[in-house]
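J.: Using the sequences and the hints, build the whole thing.
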Amino acid sequence: MPKSDPLVQLHQVSFAYGSDPVVTDISMTVAPGELIGVVGPSGAGKTTLLKLIAGTEQAVLGSVNRPQDLRIGWVPQVETVNWYFPVTVDEVVLMGSTAGGSRPWYTSEERKRVHRLLHDLGIGHLEGRHIRRLSGGQQQRVFVARALMADPDILILDEPLSGVDVKTRQDVLDLLASLAATGIAVILTTHDLNGVAAHLPRVVCINGKVVADGHPAAVLRPANLLEVFGARMEIIEHEGHPIVIDSHDQPSNVIGMDPSAERSRRGNAG
Amino acid sequence: METLAEPFQYIFFREGFAMTVLAGALCALIGTYVVLRGMSYIGHGLSHAVFGGAAASFLVGINFYLGAGVWGLVSALMINRVSRRRTIGADAAIGVITTASFAIGIALISRNRSFTRNFEAALFGNVLGIDTSQVVGLVIVSIAVVGAIALFYRRFLFLTFDGEVAEVFGLRTGRLDALFSLLLAASIIASMQVLGVTLIAAALVIPPVSARLVTDRFGRMLVLAGIMGALTGGIGIYLSFYLDVASGAAIVICQAIVFSVLYLFSALFGDRRAQLAGVEAH
Chain A
1361 MPKSDPLVQL HQVSFAYGSD PVVTDISMTV APGELIGVVG PSGAGKTTLL
1411 KLIAGTEQAV LGSVNRPQDL RIGWVPQVET VNWYFPVTVD EVVLMGSTAG
1461 GSRPWYTSEE RKRVHRLLHD LGIGHLEGRH IRRLSGGQQQ RVFVARALMA
1511 DPDILILDEP LSGVDVKTRQ DVLDLLASLA ATGIAVILTT HDLNGVAAHL
1561 PRVVCINGKV VADGHPAAVL RPANLLEVFG ARMEIIEHEG HPIVIDSHDQ
1611 PSNVIGMDPS AERSRRGNAG
Chain B
1079 METLAEPFQY IFFREGFAMT VLAGALCALI GTYVVLRGMS YIGHGLSHAV
1129 FGGAAASFLV GINFYLGAGV WGLVSALMIN RVSRRRTIGA DAAIGVITTA
1179 SFAIGIALIS RNRSFTRNFE AALFGNVLGI DTSQVVGLVI VSIAVVGAIA
1229 LFYRRFLFLT FDGEVAEVFG LRTGRLDALF SLLLAASIIA SMQVLGVTLI
1279 AAALVIPPVS ARLVTDRFGR MLVLAGIMGA LTGGIGIYLS FYLDVASGAA
1329 IVICQAIVFS VLYLFSALFG DRRAQLAGVE AH
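Chains as they are written, first to last, in my numbering: chain A, 1361 to 1630; chain B, 1079 to 1360.
No wet-lab data here; the hints were simulated from the structure.
All residues carry an ideal CB built from backbone N, CA and C; glycine is no exception.
Where hints are given, some of them may not hold.
What the hints assert, rightly or not - Taking CB as the label site, the calculated pair distances span:
| no. | chain 1 | residue 1 | chain 2 | residue 2 | range |
| --- | --- | --- | --- | --- | --- |
| 1 | A | K1527 | B | A1170 | 38 to 48 angstroms |
| 2 | B | I1089 | A | Q1437 | 51 to 61 angstroms |
| 3 | A | N1442 | B | A1228 | 17 to 27 angstroms |
| 4 | B | A1228 | A | I1605 | 57 to 67 angstroms |
| 5 | B | R1253 | A | P1366 | 23 to 33 angstroms |
| 6 | A | H1485 | B | G1248 | 47 to 57 angstroms |
| 7 | B | F1347 | A | I1603 | 49 to 59 angstroms |
| 8 | B | V1174 | A | N1442 | 19 to 29 angstroms |
Unchecked claim - Stretch-level coverage of chain A by chain B, calculated; a stretch enters the list once three of its residues show a Cβ under 8 angstroms from a Cβ in chain B:
| no. | segment |
| --- | --- |
| 9 | 1441 to 1454 |
| 10 | 1464 to 1478 |
As the list claims (entries may be wrong) - Over 10 angstroms on every C-beta distance to chain A, these chain B residues come out as not near it, computed from the model:
| no. | residue |
| --- | --- |
| 11 | A1096 |
| 12 | A1171 |
| 13 | G1173 |
| 14 | V1174 |
| 15 | G1207 |
| 16 | S1211 |
| 17 | A1228 |
| 18 | L1235 |
| 19 | D1240 |
| 20 | A1244 |
| 21 | A1327 |
| 22 | A1334 |
| 23 | V1336 |
| 24 | Y1341 |
T.: Structure representation (structure tokens):
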């Protein structure tokens, strides 16, 4: 984990929509160069946590410390994008520098930068194409490019692995790892436990509160997953990475679960 | 040829023609944002809401533009505010606020029948009865809208495409929303005498959706919508002269015909073109 000063610090943060609490007592930090996966069931407060980090939602209780000039790059869920909106790839990417742009028109420097970014992300040939006419992986890269146009300190991605195939998932996670290696803090939400276990050095498990935070091998434990998802899951190891599988009747390979306690539980249930 | 040019011999027609072309382009330009933000109903609602302000300003004897303008802006801001409550939603917020405002206008008119005729023009449009202050108002609003779009083109584009994310990227979306509401209310008020309250919604919506059928680029859609709005405005009032029908109705019918032709064309050829462009497997 990088040793630099944190970019964002959440200290005992709680947030509610009206009288309905969404997250409570969240404490965590985000440092430069970190690659963090936030996992949890639907409605666990994952997107709210991202918004608290980005500063678009304000904590009801607790404090969020972040520098005033912190630059955020946000990659939205693909389901929330209006793919029929009349914009091409380059127009979307240029939005990334809109807030910082001092002129009402696009400068040649900005256009060159878009060209370079798209080329670096392997989609340079799609510059003038409408966003609807892209594959899932290409669409993700376009929005990553837009986020990078803002020169972000933190890159936030809301469910970037949702609905993508295995190859695209690997490509996206490899891309994010390479961005984190440049010093950008990358934080994403996902339901894909094995994707984060294999690719991400830090996982935060939440379900209204932080249940576990750390290396996947330490966080992805049956007890934690039961608390977060309310479902029994087992963990097996493969080449040093934890692999999460649905619970079976053979607990012999399960890490961190006491077999006698398991037998006792089943006996009580039966 | 002389017969075709006959209407332009009359100064009232030349002025009306220029105003209609301008109002058509203005509504189409601001309407492009309205359509893409999924707020087509707001144009319909806001034009009716402004009617209440127009009636009130006549009654208390203040300037029409000031009264209707403030009323329209407050209505637009209230819609923005109320529609953020998820339990209500934008469409219901527009329905409640604008119909209540329209009802106030009707109530005021029904108690003061002396100015009923003025409001027939406001309801259905009367370009030939336009006076100098209204011409000046339309020109000023048109310049302001074009200027604001040029100045805030990038910001408005991001706000329209994805307002929530635009805020994360540092755009002051609340201020931009308020500016947009002001421009929309001003455009509706300035075009009211030309197109009429009941037909402004069509002028806001039809040219942009027609333009959308022929382009995938935002900038081109904006320009094409403006051109279509201006052309159908000019053709509509020209035809109304010969066909002896209300100018607002003739303009909207022209716009509907253009839309129908383009829709048919895109249904026959558009999807095939998209398929040929293809999605690259990657």
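J.: None of the hints should be skipped; say for each whether it holds.
T.: Hint check results:
1. K1527(A) x A1170(B): 38 to 48 angstroms: 44 angstroms, holds
2. I1089(B) x Q1437(A): 51 to 61 angstroms: Holds - the Cβ-Cβ distance for I1089(B) and Q1437(A), about 58 angstroms, lies within 51 to 61 angstroms.
3. N1442(A) x A1228(B): 17 to 27 angstroms: 24 angstroms, holds
4. A1228(B) x I1605(A): 57 to 67 angstroms: 58 angstroms, holds
5. R1253(B) x P1366(A): 23 to 33 angstroms: 31 angstroms, holds
6. H1485(A) x G1248(B): 47 to 57 angstroms: For G1248(B) against H1485(A), whose Cβ atoms are near 30 angstroms apart, the range 47 to 57 angstroms is violated.
7. F1347(B) x I1603(A): 49 to 59 angstroms: 51 angstroms, holds
8. V1174(B) x N1442(A): 19 to 29 angstroms: 26 angstroms, holds
9. 1441 to 1454: holds (count 9)
10. 1464 to 1478: holds (count 3)
11. A1096: 28 angstroms, holds
12. A1171: 18 angstroms, holds
13. G1173: 23 angstroms, holds
14. V1174: At about 21 angstroms from chain A, V1174(B) clears the 10 angstroms cut-off, so the statement holds.
15. G1207: At roughly 38 angstroms from the nearest Cβ of chain A, G1207(B) sits farther out than 10 angstroms, so the non-interface label holds.
16. S1211: 31 angstroms, holds
17. A1228: 6 angstroms, violated
18. L1235: The assertion about L1235(B) is violated, with a minimum of 7 angstroms to chain A.
19. D1240: 7 angstroms, violated
20. A1244: The claim breaks: A1244(B) does not keep its Cβ more than 10 angstroms from every Cβ of chain A (closest is about 7 angstroms).
21. A1327: 29 angstroms, holds
22. A1334: Answer for A1334(B): holds, closest chain A Cβ roughly 21 angstroms.
23. V1336: The claim holds: V1336(B) sits with its nearest Cβ about 18 angstroms from chain A, beyond 10 angstroms.
24. Y1341: 15 angstroms, holds
Violated hints, in rising order: 6, 17, 18, 19, 20; the structure is consistent with all others.
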